[in-house]
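J.: Put together the whole structure using the sequences plus the hints.
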Amino acid sequence: MLAIAYALIVAQDLSMIRPFAAQAIQDVWQLRVLLSSSFFGAVMLIGLILRLRAEQGDAA
668 MLAIAYALIV AQDLSMIRPF AAQAIQDVWQ LRVLLSSSFF GAVMLIGLIL
718 RLRAEQGDAA
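To convert, count from 1 in the sequence shown and add 667; that's the working numbering.
To be clear, the hints were calculated from the coordinates, so they are not data collected in a lab.
Take the hints with a grain of salt, since some may be wrong.
[Claimed, not checked] Label-pair distances were calculated between CB atoms; the ranges are:
#	residue 1	residue 2	range
1	A726	D694	48 to 54 Å
2	Q690	Q723	42 to 48 Å
3	Q690	D725	46 to 52 Å
4	D725	V700	36 to 42 Å
Values in this document were obtained by computation on a predicted structure and should not be read as measured data.
C-beta: ideal position from N, C-alpha, C; glycine also.
T.: Structure below.
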């Protein structure tokens with residue numbers, strides 16, 4: 668029961684924070700750079716994985 672109450676409190680706090688998150692990302696350029704670099708890194712990682720899989724498929 669205590670866990671449910673805690674989850675409700677956390678969910679309520681998150682719903683209050685959510686509108687400010689988008690504005691914070693727009694206002695703080697460091698956050699935009701970090702999010703952009705993380706996304707770019709994820710795209711590069713997926714590309715490398717697909718390339719390695721293709722090379723392993725050709726070798727087999």
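J.: Look at each hint and say if it fits the structure.
T.: Hint-by-hint comparison with the structure:
1. Separated by about 50 Å at the C-beta atoms, A726 and D694 satisfy the suggested range of 48 to 54 Å.
2. The given range of 42 to 48 Å is respected by Q690 and Q723, whose C-beta atoms sit roughly 45 Å from each other.
3. At roughly 49 Å, the beta carbons of Q690 and D725 sit within the given window of 46 to 52 Å.
4. Checking the proposed 36 to 42 Å range against D725 and V700 shows it holds: the Cβ atoms sit about 37 Å from each other.
Going down the numbered hints, you'll see the structure goes against none, and every one checks out.
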